[in-house]
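K.L.:
So you can see what is in the structure, the chains are spelled out below.
Protein chains: 2
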Amino acid sequence: MKSLKVIKIGGNIIDDQKSLDEFLETFTKIEDPKILVHGGGKIASEMARSLDIPVKMFEGRRITDEATLDIITMVYAGKINKTIVAKLQSTNCNALGLTGADGNTIEADKRPVLKIDYGYVGDVKKVNFEIIETLISNNITPVFCAITHNKKGQLLNTNADTIATEIAMAFADSYNVELYYCFEKNGVLNDINNEDSVIEQIDSISFKNLVSEGIIADGMLPKISNCINAVNHNVDKVCIGKHDKLFTNKKGYTTIVK
Amino acid sequence: MKSLKVIKIGGNIIDDQKSLDEFLETFTKIEDPKILVHGGGKIASEMARSLDIPVKMFEGRRITDEATLDIITMVYAGKINKTIVAKLQSTNCNALGLTGADGNTIEADKRPVLKIDYGYVGDVKKVNFEIIETLISNNITPVFCAITHNKKGQLLNTNADTIATEIAMAFADSYNVELYYCFEKNGVLNDINNEDSVIEQIDSISFKNLVSEGIIADGMLPKISNCINAVNHNVDKVCIGKHDKLFTNKKGYTTIVK
Chain A
1 MKSLKVIKIG GNIIDDQKSL DEFLETFTKI EDPKILVHGG GKIASEMARS
51 LDIPVKMFEG RRITDEATLD IITMVYAGKI NKTIVAKLQS TNCNALGLTG
101 ADGNTIEADK RPVLKIDYGY VGDVKKVNFE IIETLISNNI TPVFCAITHN
151 KKGQLLNTNA DTIATEIAMA FADSYNVELY YCFEKNGVLN DINNEDSVIE
201 QIDSISFKNL VSEGIIADGM LPKISNCINA VNHNVDKVCI GKHDKLFTNK
251 KGYTTIVK
Chain B
1 MKSLKVIKIG GNIIDDQKSL DEFLETFTKI EDPKILVHGG GKIASEMARS
51 LDIPVKMFEG RRITDEATLD IITMVYAGKI NKTIVAKLQS TNCNALGLTG
101 ADGNTIEADK RPVLKIDYGY VGDVKKVNFE IIETLISNNI TPVFCAITHN
151 KKGQLLNTNA DTIATEIAMA FADSYNVELY YCFEKNGVLN DINNEDSVIE
201 QIDSISFKNL VSEGIIADGM LPKISNCINA VNHNVDKVCI GKHDKLFTNK
251 KGYTTIVK
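Residue numbers (the UniProt record's numbering), protein chains in the order written: chain A, 1 to 258; chain B, 1 to 258.
Hints were generated in silico from the structure; no laboratory data involved.
You may find that some hints are simply not true.
The list treats identical chains as one, so a pair stands whether inside a single copy or across any two.
[Stated by the list, open to error] Derived SDA-like pairs: lysine to any residue, alpha-carbon spacing no greater than 20 Å straight-line:
{"no.": "1", "residue 1": "LYS42", "residue 2": "ALA67"}
{"no.": "2", "residue 1": "LYS151", "residue 2": "THR91"}
{"no.": "3", "residue 1": "LYS237", "residue 2": "ILE43"}
{"no.": "4", "residue 1": "LYS185", "residue 2": "SER90"}
{"no.": "5", "residue 1": "LYS185", "residue 2": "GLY214"}
{"no.": "6", "residue 1": "LYS126", "residue 2": "SER90"}
{"no.": "7", "residue 1": "LYS152", "residue 2": "LEU69"}
{"no.": "8", "residue 1": "LYS29", "residue 2": "GLY153"}
{"no.": "9", "residue 1": "LYS125", "residue 2": "ASN94"}
{"no.": "10", "residue 1": "LYS250", "residue 2": "ASP109"}
{"no.": "11", "residue 1": "LYS152", "residue 2": "GLN17"}
{"no.": "12", "residue 1": "LYS110", "residue 2": "GLY219"}
{"no.": "13", "residue 1": "LYS223", "residue 2": "ASN190"}
{"no.": "14", "residue 1": "LYS242", "residue 2": "GLN201"}
{"no.": "15", "residue 1": "LYS151", "residue 2": "GLU25"}
{"no.": "16", "residue 1": "LYS237", "residue 2": "LEU210"}
{"no.": "17", "residue 1": "LYS208", "residue 2": "ILE192"}
{"no.": "18", "residue 1": "LYS152", "residue 2": "ASN94"}
{"no.": "19", "residue 1": "LYS251", "residue 2": "ILE199"}
{"no.": "20", "residue 1": "LYS223", "residue 2": "LEU189"}
The following block holds chain A by itself, in its conformation from the complex:
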């Protein structure tokens, strides 16, 4: 079976030029077919402030009104996505940037209004992997930003972790898929204040134990639930940690297996 690596980088890498350059240098050397998914970082909020558009958050999540969606589309699909694509091209990685609207690759539903109206936020409905597969079969490296659409003409701000998970799951039946989350910590830590306390491997059973012990909690809970979901849907393994360790043979990150 063919191999595919799906790699998600978060805002902390995007926001730091040196980290981003280092990551892209590592990424371009990965020989397997690969897909990059990137978040947005602080640039969108800075742009909103420059344009006097208020940044509205609820429980740490951005509320996306029309003006905010415009900014997100400009920053994520324009500036960040195309800067990454151009850099990868300079190292002979044949990158091609996408939103979920492009090639109808990712359809989403606008999040229903319940307790709160998140605005133009999408929950992924379907990854149409045929076009993505056509690209990777032609040695193209898709680079997704965190925007999808509802197939009715509406772009939707969509969580980048979820996009990475959904893409990985869409390919899991026909590829050996590995999913990597690059973030600011070494991985899942036994002691949140000790970066050396990385838990090297988590499976469905140890996950439940770690949750009941309160070691996986707060923001890590949905993140690792997402990973467990992926391995339960045929994704071969999910790794989470710092980008400078994940793609070497070094230890120092967390692997989630079934």
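Given chain A, put chain B in place with the hints provided.
P.N.:
Frame of chain A, contents of chain B only:
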């Protein structure tokens, strides 16, 4: 031989929501494989003003410093391109937005500094049509914005008319290519003040006559030279006029032939 239509829309369509919607409605119905190239319109200049970035022009052409390139990348590749793609997707046209960096589809050289430094402006060097052909063979409709790259990591602001011409010429040996420029006039006019004085057909010989008579002059001269260049490089025909006439069987636009 297979057919291909390359269609360029200018800023006057982008700037007017009603015109853009009407155009996209017409565009989506074109059954042949098709490629859309769009200019930028006034949105980039408005954004620059909102961000207090001075708009610098020389002889009607934008000077693209780093801050301006950022804005252009955000507005052209982000807001405009993705809005068009999402709208086309809603009418079942499987659009996919691109800069020349994406898939390394269009390489350009940074314009050399002579009398004036245009900054990050690119002159097209090469259209790599293989990836574009892979897309259209898979029923994808490429939507290009007016940005290319130099393959060394630098995005470059590039004239949309030229991009359309270069794409058309790249396909001309293997496809029956028709190239359409949608702009704000009915076509080439015998009397610049009379929209009913459209010259219906121009070939290389009548072009020279019209230039020597001063009927093709000023901004029309480079535009029509571009068209003549295209038909001299195997593009089957080039049409120029208003979008609501070009794709009907109505008369009222100019066709340029060899």
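K.L.:
Could you run down the list of hints and mark each one as holding or not?
P.N.:
Going through the hints against the structure:
In the homo-oligomer, the alpha carbons of LYS42 and ALA67 lie at most 20 Å apart both inside one protomer (16 Å) and across protomers (18 Å), since each shortest distance falls under that limit. Only between protomers do LYS151 and THR91 lie at most 20 Å apart by alpha-carbon distance; the minimum there is 8 Å, versus 34 Å within a single protomer. Taking the shortest Cα distances, LYS237 and ILE43 never come within 20 Å of each other, neither inside one copy (31 Å) nor across copies (45 Å). Taking the shortest Cα distances, LYS185 and SER90 never come within 20 Å of each other, neither inside one copy (29 Å) nor across copies (40 Å).
Proximity of LYS185 to GLY214 under the C-alpha cut-off of 20 Å is restricted to the intra-copy arrangement: shortest distance 18 Å within a copy versus 69 Å between copies. For a Cα distance limit of 20 Å, the shortest separation of LYS126 from SER90 across copies, 16 Å, qualifies, whereas the shortest one inside one copy, 32 Å, does not. With identical chains, the CA atoms of LYS152 and LEU69 are at most 20 Å apart within one copy only, with a shortest distance of 16 Å there and 31 Å across copies. With identical chains, the CA atoms of LYS29 and GLY153 are at most 20 Å apart between copies only, with a shortest distance of 16 Å across copies and 37 Å within one.
Proximity of LYS125 and ASN94 under a CA criterion of 20 Å is satisfied inter-copy only: 18 Å between copies versus 28 Å inside one chain copy. When the C-alpha separation of LYS250 and ASP109 is checked against a cutoff of 20 Å, the pair qualifies neither within a copy, at 40 Å, nor between copies, at 41 Å. Taking CA atoms no more than 20 Å apart as the test, LYS152 paired with GLN17 passes between copies only; the shortest distance there is 17 Å, against 36 Å inside one copy. For the homomeric pair LYS110 and GLY219, neither the shortest alpha-carbon distance inside one copy (23 Å) nor that between copies (45 Å) is at most 20 Å.
Within a single copy, LYS223 and ASN190 get their C-alpha atoms as close as 16 Å, which meets the 20 Å cut-off; across copies the closest is 66 Å, which misses it. In this assembly of identical chains, LYS242 and GLN201 lie within 20 Å of each other by CA distance solely inside one copy; the values are 15 Å within and 63 Å between copies. For a Cα distance limit of 20 Å, the shortest separation of LYS151 from GLU25 across copies, 15 Å, qualifies, whereas the shortest one inside one copy, 35 Å, does not. Proximity of LYS237 and LEU210 under a CA criterion of 20 Å is satisfied intra-copy only: 19 Å inside one chain copy versus 68 Å between copies.
When the C-alpha separation of LYS208 and ILE192 is checked against a cutoff of 20 Å, the pair qualifies only within one copy, where the shortest distance is 18 Å, while the shortest distance between copies is 77 Å. For the homomeric pair LYS152 and ASN94, the shortest alpha-carbon distance between copies (13 Å) is at most 20 Å, but the shortest distance inside one copy (30 Å) is not. Taking identical chains as interchangeable, the C-alpha atoms of LYS251 and ILE199 lie at most 20 Å apart only when both belong to the same chain, with a minimum of 10 Å there against 72 Å between chains. In the homo-oligomer, the alpha carbons of LYS223 and LEU189 lie at most 20 Å apart inside one protomer (13 Å), although the nearest pairing across protomers, at 63 Å, exceeds that limit.
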